[in-house]
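Q: Heads up: the protein sequence lines correspond to chains A and B, in order.
Per UniProt numbering, the very first residue in the first sequence carries number 1; after that it's consecutive.
Per UniProt numbering, the very first residue in the second sequence carries number 1; after that it's consecutive.
Derived by calculation from the structure, the hints in this document are not laboratory data.
This structure is a prediction, so every number in the text was calculated from the model and none was measured.
Backbone N, C-alpha and C fix where the C-beta goes; we use that ideal spot for every residue, glycine too.
Warning: the hint list may mix true and false statements.
[Said to hold, decoys possible] Simulated coverage check for chain B against chain A, where a stretch passes if three residues somewhere in it have a Cβ under 8 Å from a Cβ of chain A:
hint, segment
1, 33 to 44
2, 126 to 137
[What the hints assert, rightly or not] Now the in silico label distances, taken between C-beta atoms and shown as ranges:
hint, chain 1, residue 1, chain 2, residue 2, range
3, B, Phe177, A, Pro306, 44 to 54 Å
4, A, Ser301, B, Gly244, 24 to 34 Å
5, B, Arg190, A, Ala126, 31 to 41 Å
6, A, Ala126, B, Gly43, 49 to 59 Å
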Amino acid sequence: MSERRLADLLAMWRIRAFEEKVRDLRAEGPIVGSVHLCVGQEAIPVGACEVLEPQDALFATYRGHGWALARGVPAEPLFAELMGRASGVNGGRGGSAYFTAAEYGFHGENSIVGAGAPIACGAALAGRYDGSGRVAVSVFGDGAMNQGAVHEAMNFAAAFSLPVVFVCENNRYSELTPIADMVRSPRLADRAAAYGMPGHRIDGNDAEAVRFHVRDALEVAREGGGPTLLECMTERLVGHYIGDAETYRQPGELERIRRREPIARLRAGLLADGVPEREIDAVERRARAEMDAAAEAARQSPPADPATAMEHLYA
Amino acid sequence: MREMTYGEAVNAALHRLMEELPETLVYGEDVGVPGGVFGVTRGLRKQYGERAFDTPISESAILGSAVGAAMFGRRPIVEIMWADFSLVALDQIVNQAANVRYVSGGRLTAPLTIRTQQGNAPGACAQHSQCLEALFLHVPGLRVCMPSTPQDAYDLLVTAVHCDDPVLVIENRTLYFGRKEPVETGGPVRPMGGARTRRAGSDVTIVTWGAMTERVLEAAEALAGDGIEAEVLETPWLNPFDTGAVLASAGRTGRLAVVHEANVTGGFGAEVVARVAGAGVPLLAPPIRIGTPDVRMPAAPALAQSLVPDAARITGDVRGLVKG
Ligand SMILES: Cc1ncc(C[n+]2csc(CCOP(=O)(O)OP(=O)(O)O)c2C)c(N)n1
Numbered sequence: 001m002s003e004r005r006l007a008d009l010l011a012m013w014r015i016r017a018f019e020e021k022v023r024d025l026r027a028e029g030p031i032v033g034s035v036h037l038c039v040g041q042e043a044i045p046v047g048a049c050e051v052l053e054p055q056d057a058l059f060a061t062y063r064g065h066g067w068a069l070a071r072g073v074p075a076e077p078l079f080a081e082l083m084g085r086a087s088g089v090n091g092g093r094g095g096s097a098y099f100t101a102a103e104y105g106f107h108g109e110n111s112i113v114g115a116g117a118p119i120a121c122g123a124a125l126a127g128r129y130d131g132s133g134r135v136a137v138s139v140f141g142d143g144a145m146n147q148g149a150v151h152e153a154m155n156f157a158a159a160f161s162l163p164v165v166f167v168c169e170n171n172r173y174s175e176l177t178p179i180a181d182m183v184r185s186p187r188l189a190d191r192a193a194a195y196g197m198p199g200h201r202i203d204g205n206d207a208e209a210v211r212f213h214v215r216d217a218l219e220v221a222r223e224g225g226g227p228t229l230l231e232c233m234t235e236r237l238v239g240h241y242i243g244d245a246e247t248y249r250q251p252g253e254l255e256r257i258r259r260r261e262p263i264a265r266l267r268a269g270l271l272a273d274g275v276p277e278r279e280i281d282a283v284e285r286r287a288r289a290e291m292d293a294a295a296e297a298a299r300q301s302p303p304a305d306p307a308t309a310m311e312h313l314y315a
Numbered sequence: 001m002r003e004m005t006y007g008e009a010v011n012a013a014l015h016r017l018m019e020e021l022p023e024t025l026v027y028g029e030d031v032g033v034p035g036g037v038f039g040v041t042r043g044l045r046k047q048y049g050e051r052a053f054d055t056p057i058s059e060s061a062i063l064g065s066a067v068g069a070a071m072f073g074r075r076p077i078v079e080i081m082w083a084d085f086s087l088v089a090l091d092q093i094v095n096q097a098a099n100v101r102y103v104s105g106g107r108l109t110a111p112l113t114i115r116t117q118q119g120n121a122p123g124a125c126a127q128h129s130q131c132l133e134a135l136f137l138h139v140p141g142l143r144v145c146m147p148s149t150p151q152d153a154y155d156l157l158v159t160a161v162h163c164d165d166p167v168l169v170i171e172n173r174t175l176y177f178g179r180k181e182p183v184e185t186g187g188p189v190r191p192m193g194g195a196r197t198r199r200a201g202s203d204v205t206i207v208t209w210g211a212m213t214e215r216v217l218e219a220a221e222a223l224a225g226d227g228i229e230a231e232v233l234e235t236p237w238l239n240p241f242d243t244g245a246v247l248a249s250a251g252r253t254g255r256l257a258v259v260h261e262a263n264v265t266g267g268f269g270a271e272v273v274a275r276v277a278g279a280g281v282p283l284l285a286p287p288i289r290i291g292t293p294d295v296r297m298p299a300a301p302a303l304a305q306s307l308v309p310d311a312a313r314i315t316g317d318v319r320g321l322v323k324g
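Given the sequences, and given the hints that come with them, work out the whole structure.
A: Laid out in structure tokens, this is it:
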């Protein structure tokens with residue numbers, strides 16, 4: 001049991017170490033532009049991706065570095081993409097908010113809020129014809145639940161019993177505005193009922209809970225039972241983007257969040273179970289060493305060649 | 001006159017409009033309590049309470065409700081954070097807002113203002129970099145302007161909101177935090193349209209708008225070093241467009257270049273060239289269009305920089321036009 005939890009801890013630390021490295025590189029200069037980190041939300045991709053099959057298609061949001069890593073995309077080409085290098089996953093075309101690595105079943109981030117949900121329906125629809133048994137997973141934030149595209153996608157998937165799992169990462173904020181101020185009924189999972197599909201609000205800071213519910217939803221989907229909506233409750237420990245002054249936070253909010261964030265919580269649980277502290281701390285060191293090396297290798301690689309800027313537009 | 005950045009000038013205009021037009025409403029994502037992701041709507045919520053508010057991330061509802069509220073006597077000023085996101089609600093802009101006055105035979109109007117910003121900034125992804133003015137300029141019934149200076153950022157917004165038709169004010173985020181310049185804030189509401197001669201010259205007319213204006217002026221300086229005097233005509237209003245000013249200038253200089261950040265095919269530059277050709281203005285050389293090549297916009301700054309026109313490319317292309 002603690003084996004599994006140590007593996008979860010490592011997977012979460014890889015994401016956090018990646019994100020902290022990105023934050024540093026953004027401050028130093030090799031990364032430019034708008035970057036949205038998922039620090040604090042690591043348990044959701046870690047729990048969900050472990051139970052996905054290679055043929056499944058994952059559609060993430062712009063806050064998707066963690067999803068790419070959890071899906072198995074190596075860190076080095078991700079760092080390289082963020083630094084605009086030729087060796088980046090998208091050769092510098094995607095950037096932080098638009099990573100795509102289809103060979104890993106990672107069918108892209110999306111920086112148009114909610115736009116991935118209808119596309120996920122299409123991936124599921126294609127599976128009906130290609131016999132792959134594919135399930136599509138669509139990930140978006142609480143704010144995206146208010147996009148027309150998401151409503152249409154949910155109804156579309158439900159009407160045709162498409163194998164889609166809708167994963168809402170409810171971190172309680174949409175950019176700088178609390179979701180509670182933007183909806184009348186704060187339980188977003190309840191919307192599932194309106195479309196005739198199951199909806200569950202789950203603890204998104206517990207990788208095991210996420211895994212349990214995603215596995216269930218995948219099974220239902222594969223058996224022809226149609227879509228499920230999972231509202232994963234979590235919190236981001238950082239600003240909406242790097243540089244966000246976070247003036248919207250309440251006094252003491254971050255301290256409260258830190259007490260229930262997934263890594264600290266899992267660490268405490270492991271300690272309580274008698275796992276030696278040095279074994280737990282070794283996990284963090286290992287993750288950081290891996291990410292430092294990947295970032296450095298990416299930094300040493302050549303920038304994308306402007307002469308290639310027109311490539312890949314047409315066949 | 002107070003010195004202001006472009007972003008501060010937009011803010012000053014919004015304050016004035018809330019003050020002088022009680023029917024205005026300002027809303028959009030994060031514009032109320034947080035004061036906007038670029039700080040441009042700061043202070044409105046505090047000062048005007050419920051007339052400035054935050055919305056869900058629902059562009060169709062933001063724009064559609066603006067159309068409805070405008071039909072019923074309000075004068076909404078809505079913000080679409082990035083022009084790219086307006087595509088999510090294109091129906092409300094094109095099929096709805098643009099039709100209101102025409103189809104009702106003038107019995108209904110939709111005096112709403114859409115404030116948005118567009119263009120490439122280093123590291124922005126392909127969904128946050130597009131220049132979409134030509135898309136909206138193809139739609140009769142919409143007014144479109146693109147200010148580039150703090151004074152125009154102020155004046156054009158005031159004019160837009162006083163207009164009784166839907167107006168898109170397309171700003172540019174690379175300009176928000178730029179140089180401070182003196183801005184006259186209390187002046188009369190200026191008429192729509194008009195061009196600005198940003199530099200006088202006799203050898204070539206360069207027509208431009210938006211964030212390219214600064215680069216064109218830089219190019220004009222470099223050309224002057226070569227003995228080429230370029231007349232730089234900025235056209236902050238694209239609909240209504242001051243065709244007369246362009247014809248007059250091109251007639252004087254005998255050469256025409258149009259520079260925009262948007263990609264070339266179907267860009268508004270084509271329309272400008274067609275109007276000059278259609279008017280029979282005699283030119284000494286075929287007119288040229290300078291814009292981004294027809295490609296998606298990559299995130300990597302090195303790639304994007306090679307595509308978006310810069311002063312060096314504008315200088316080279318115009319030199320080629322003049323020297324033949
Ligand atoms: C269609 C569209 N509208 C607005 C935006 C600007 N925007 C980017 S992130 C964001 C907030 C999204 O909040 P949420 O869905 O809760 O995701 P989170 O950032 O919390 O992960 C907004 C409004 C956008 N990218 N796309």
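Q: So, for every hint listed, does it hold in this structure?
A: Hints, one by one, checked against the model:
Beta-carbon proximity to chain A at under 8 Å applies to 3 residues in the segment 33 to 44 of chain B; the threshold of 3 is reached and the given coverage holds. Three residues within the 8 Å Cβ limit are the bar, and the segment 126 to 137 of chain B against chain A gives 3, so the coverage statement holds. The beta-carbon spacing between Phe177/B and Pro306/A, approximately 27 Å, falls outside the hinted interval of 44 to 54 Å. Checked against the hint of 24 to 34 Å, the pair Ser301/A and Gly244/B fails, with Cβ atoms roughly 54 Å apart.
The hinted window of 31 to 41 Å between Arg190/B and Ala126/A is violated, with their beta carbons roughly 54 Å apart. For the pair Ala126/A and Gly43/B, the beta carbons lie near 50 Å from each other, so the given range of 49 to 59 Å is met.
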